[in-house]
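There are 6 protein chains.
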Amino acid sequence: MQKTGLVVTAHPGDFVWRAGGAIALHAAKGYRMRIVCLSFGERGESQWAWKQAGVSLAEVKNQRRGEAERAAAILGAEIEFFDAGDYPLRTTPDMLDRLIDIYRELKPAFVLTHSLEDPYNVDHPEATRFAQEARIVAQAAGHKPDPDRAYAAPPVFLFEPHQPEQCNFKPNVILNIDDAWETKRRAFEVLAAQKHLWDYYTRVALNRGVQGGRNSGRAMTYGEAYQRIFPQIVEELA
Amino acid sequence: MQKTGLVVTAHPGDFVWRAGGAIALHAAKGYRMRIVCLSFGERGESQWAWKQAGVSLAEVKNQRRGEAERAAAILGAEIEFFDAGDYPLRTTPDMLDRLIDIYRELKPAFVLTHSLEDPYNVDHPEATRFAQEARIVAQAAGHKPDPDRAYAAPPVFLFEPHQPEQCNFKPNVILNIDDAWETKRRAFEVLAAQKHLWDYYTRVALNRGVQGGRNSGRAMTYGEAYQRIFPQIVEELA
Amino acid sequence: MQKTGLVVTAHPGDFVWRAGGAIALHAAKGYRMRIVCLSFGERGESQWAWKQAGVSLAEVKNQRRGEAERAAAILGAEIEFFDAGDYPLRTTPDMLDRLIDIYRELKPAFVLTHSLEDPYNVDHPEATRFAQEARIVAQAAGHKPDPDRAYAAPPVFLFEPHQPEQCNFKPNVILNIDDAWETKRRAFEVLAAQKHLWDYYTRVALNRGVQGGRNSGRAMTYGEAYQRIFPQIVEELA
Amino acid sequence: MQKTGLVVTAHPGDFVWRAGGAIALHAAKGYRMRIVCLSFGERGESQWAWKQAGVSLAEVKNQRRGEAERAAAILGAEIEFFDAGDYPLRTTPDMLDRLIDIYRELKPAFVLTHSLEDPYNVDHPEATRFAQEARIVAQAAGHKPDPDRAYAAPPVFLFEPHQPEQCNFKPNVILNIDDAWETKRRAFEVLAAQKHLWDYYTRVALNRGVQGGRNSGRAMTYGEAYQRIFPQIVEELA
Amino acid sequence: MQKTGLVVTAHPGDFVWRAGGAIALHAAKGYRMRIVCLSFGERGESQWAWKQAGVSLAEVKNQRRGEAERAAAILGAEIEFFDAGDYPLRTTPDMLDRLIDIYRELKPAFVLTHSLEDPYNVDHPEATRFAQEARIVAQAAGHKPDPDRAYAAPPVFLFEPHQPEQCNFKPNVILNIDDAWETKRRAFEVLAAQKHLWDYYTRVALNRGVQGGRNSGRAMTYGEAYQRIFPQIVEELA
Amino acid sequence: MQKTGLVVTAHPGDFVWRAGGAIALHAAKGYRMRIVCLSFGERGESQWAWKQAGVSLAEVKNQRRGEAERAAAILGAEIEFFDAGDYPLRTTPDMLDRLIDIYRELKPAFVLTHSLEDPYNVDHPEATRFAQEARIVAQAAGHKPDPDRAYAAPPVFLFEPHQPEQCNFKPNVILNIDDAWETKRRAFEVLAAQKHLWDYYTRVALNRGVQGGRNSGRAMTYGEAYQRIFPQIVEELA
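Protein chains in written order, with the UniProt record's numbering: chain A, 1 to 238; chain B, 1 to 238; chain C, 1 to 238; chain D, 1 to 238; chain E, 1 to 238; chain F, 1 to 238.
Bound conformation, chain A alone:
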């Protein structure tokens, strides 16, 4: 059976900068990757769009949706939008219900989402809270009961926020994304309005790569940092 991975992000930029390597890498390994993008980033991430006189919210959303779809396609992932608003993002019971269905349908092998705290952007921890609640409720036998269903709550990995120390983000996993780097970088280029961040996140990837090499003693160039928040169950320590 095909393995799957689920990514829950507040904004389109987030899945590109923070998890683009993991998405492309697992897609290339044959995983079905699904991105749930809660907003279009239509208010906070779209400074350039708003410089056009008279542009409407619908137009900006549309532009950003297009970009996000192109970026997801480059990474090899499906994408679904919840249109939960942006700055501020507000989730609803229906959205929770939909995300629970997605967990149960996909039975993801892992979930990627934001850090637990982010004093620079409160939509980020709201996305995390929401992803965690859906993951838990999906276990409840009494939610849309079906005695034949099998579902086990998957491990959760938090991806790296813009200013990791300020978010009390402590990476305990570094993913080697060397094989996915070119793809990730191509996805950057879709986000033309945030060109100032291309180099920033290239440097982040290179420095996480150096750290990955140091911690493993194995050569690697590009890395993505994650914080696993539930214990890992293993059969062997090395």
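Please keep in mind that the hints were generated in silico from the structure rather than gathered at the bench.
Worth double-checking, as some hints may not be accurate.
Any copy will do: because identical chains look the same in the list, a pair fits if it lies in one copy or spans two.
Claimed, not checked - Here are the computed lysine-lysine pairs in the DSBU-like style, where the Cα-Cα straight-line distance is at most 35 Å: (1) Lys3 x Lys51; (2) Lys3 x Lys170; (3) Lys51 x Lys144; (4) Lys195 x Lys144; (5) Lys107 x Lys51; (6) Lys195 x Lys51; (7) Lys29 x Lys170; (8) Lys29 x Lys107.
Use these hints to put chains B, C, D, E and F onto chain A, whose structure you have.
Same frame as chain A, now just chains B, C, D, E and F:
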């Protein structure tokens, strides 16, 4: 005047596994013990009930209410249900108002509730947040004003979650429940659907008992761990 | 251009006890100081008012509004009330919208608000959460778009809660309020119903003053402690 | 059998400012109180002494010893000096051996010592580390073996450092020292060279008293804050 | 090439209770397992031995060495003693040098040692500190230089202390030790003098097993909890 | 009077990578900058040197001393070596005495040193501990008494370790080093053997620069992150 104790839990299992010793022990000492059980555990804790084809939510609630009432009776406590839903649990202003009334009526000598964090079950910290808010508002002179009322916010003890370290639960009180153990164990047996947890929580009680003995130098066999979250005011240190 | 400072507090007492020195000091330096006081403290802080038989909520609010306005005037600040309720305080989307407008209009050089946690008063961290969300949304180009607007999110300083250690409040800034002390003390005296706190907060100011002297090697008598929560950007370390 | 209490401090000032209330209170209750004072405070706490031209280290030690003995006598405690040096304080294996003997001889019902961290004075956490190691080794059957000896490691309470938040000191016990306050204050007056601290620590005691009253709902005026570092084993929660 | 694992413990009991499953499991998988046991536990862990009138330190050490060797043999591991003393344990430069040689010779795939903190037993964190320093110095090109040497510092896993929450131990890895349980339990039985701990650590293993099952959704009965302290470098997240 | 700054580092690389911008910037502003370099980095940082057959420790030290002196000269700083050994670094009472004298002589306006923790390199926190102890003892009136001496303990800033999150390093100050960047980069080039780190630390500087711009709303390109560990005493908040 009779002393009282208040227990605020998300689900029926919680007051049995986590605080059953404290409830039975204080009931036996003559305390009036009141359990506020926010949900019936009808969706998350009731896997077995949902295996019956065609069972309704009302039937499951009813079953769980019956169990919870029997367990409370064994422990020697009154029980009141708020029917706040389960997976997810959602409290309302009316529920808050009711809990404030309970605080004021009972003037509890202590309150027991969940840990501050629980990444496995978000209903648990929601119960804690709710218990704390009611405890605080009960102090407000302008809430249902009555100049003759005396009320002092009681100490709060958090009971032990399923995976204490993952919940950043740090016990600073171990209650010797040797005298209440048999009663607590009998209450376990009401929760027939969660039989797999009987032994788990028996082991927890025995290991907390060993720790209690080590920390005090006094013999004891069964313990319950608590985290006190407000400073203790004392007249003597030993 | 005149510099401004913004203070977001849950209750009138808070801006006096916790930030009165900073308000008076900066007002005297020529800053335009604006206090956003989310509630009138009409239920929790007004024990004395409620001792009068038959007093109405509107009367208590009115009394407290009068006191808060007099205290703000003594400190040299403007004050605006949001009437968000008290014990519990509940903010609304309209209030958020209004606070965003205030950030954009004032472009404050700094914001003062409550600690991130307060187990004694949940209205306090709610005020902080609200002040932070408005500060962030004010940056969004797509919120009431205006390409000509310039706005940079200001530094945030948390003022000292009643029991700092219990709130995990860790001061990293001590403001010398010697020049503002007499004014702050006069503002205390407006809060006649909380006379028992005058001496408490005078002692807090004196002890923070001693600590300020010790940490700087410079003489000072009265201090206010703050916790800065974003990195400080500097051109020189000393 | 008479109960005992043990106090391990780096300097004479420490047992007066930080634990003088507890010492006097328990002495008055009939406890045998023993202070182990690791240094005379001869280099760091004795600024005034060193202002005399030509004063010798031995003379300063002698002065401080005298003061410490008078303060201990006022508080009703025995005192023993280890002469471990001051700024820096360095303990030796012989001192450890002596402190182990004291633990075994006194079988204290509690131990009072410094906070775990103190970035302002590294002698303080060194005293704590030393007190803890002796407490532990005293349990070892193979240290000066004697099969008849009974010894159980006592609870440890950390007393309040000068700047509690900077030391990550989080008080979880407030001792009501109303009955001992006059005695504690008289002990202050022995420390004539540190007169600038009399008022500081009077204010600390008053504010801890207010906090004690708030947390307990019982009237009290003077308090001392402590951090208990091992779980408390109890038979009842209220 | 045969893989190896290194275990650095303060006392013999520690490698049995805390890491016996990992040792036996990896030995059975073909790893060369080496235990460095810093002391014989001759003073603190040997209460029963000291009940014999006139027993000498050398005799007790000898007894404990015998037990430790038998336990290691059952687990399938080599054992080496450093005789660093017990209660207190004191390491020397020669011991550090020897441990560095061991790291370089074995090139372990992982290292197991104590938690970073343990307020109940200061020998434990001293063992950790020592294991970490040797692991680091082993990397230094200038320590016994040899340009042909290849050495990469291995991942470190902290095993579970007696009272995990009090040691701020937060497990992030649970090792399934079902296949090694019988062997681990047989090793318990060598430690006849600590029979009171057999059941304690059996319960710990069973409860960690339940937690392992819950976190993974896979059946398992016995677990050992570990805290990995350096980031894990991975090629895939699931 | 000329202001001074003091830098205490374990190894030569540290003052270049971590604090080179601050050193050059303050030197250019007219500060007298003194680096105390505890070791020559002769064992851990000198992989290339040890690749030469038959090279002696003295030769390696000499090479590294030369490099460190050239780097210090480029940055505009004085440098003093303590030759405390490397991997492991061990400080002595004489070294402590010397560092105390330096504090008293220079009366630095600030001190720069390592993070409080570093699980990758235990020499780093040892340098911090040592720098802090000397800073404190320098205050003791009884250490080399001189009633005319004035000395106030300076603020301490921790510079950024190689893997900040793993060291629990939380930057709260970002220094704009745009004006010093070219000088810092030239100092990099002296460390030819660590060429692999040039780009790493250039990326660190650029990303800290971006963060500095975001947090201040002011343009800047290169930053150095610091963690201030004592409260800052201020006369104004903006």
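A quick look at each hint next to the structure:
With identical chains, the CA atoms of Lys3 and Lys51 are at most 35 Å apart between copies only, with a shortest distance of 27 Å across copies and 43 Å within one. With identical chains, the CA atoms of Lys3 and Lys170 are at most 35 Å apart both within one copy (27 Å) and between copies (30 Å). In this assembly of identical chains, the alpha carbons of Lys51 and Lys144 lie at most 35 Å apart only when taken from different copies (12 Å versus 46 Å within one copy). When the C-alpha separation of Lys195 and Lys144 is checked against a cutoff of 35 Å, the pair qualifies only between copies, where the shortest distance is 24 Å, while the shortest distance within a copy is 45 Å.
In this assembly of identical chains, the alpha carbons of Lys107 and Lys51 lie at most 35 Å apart only when taken from different copies (21 Å versus 42 Å within one copy). Only within a single protomer do Lys195 and Lys51 lie at most 35 Å apart by alpha-carbon distance; the minimum there is 16 Å, versus 44 Å between protomers. Taking the closest pair of Cα atoms, Lys29 and Lys170 come within 35 Å of each other both inside a single copy (27 Å) and across two copies (32 Å). With identical chains, the CA atoms of Lys29 and Lys107 are at most 35 Å apart both within one copy (17 Å) and between copies (32 Å).
In summary, this structure violates none of the numbered hints.
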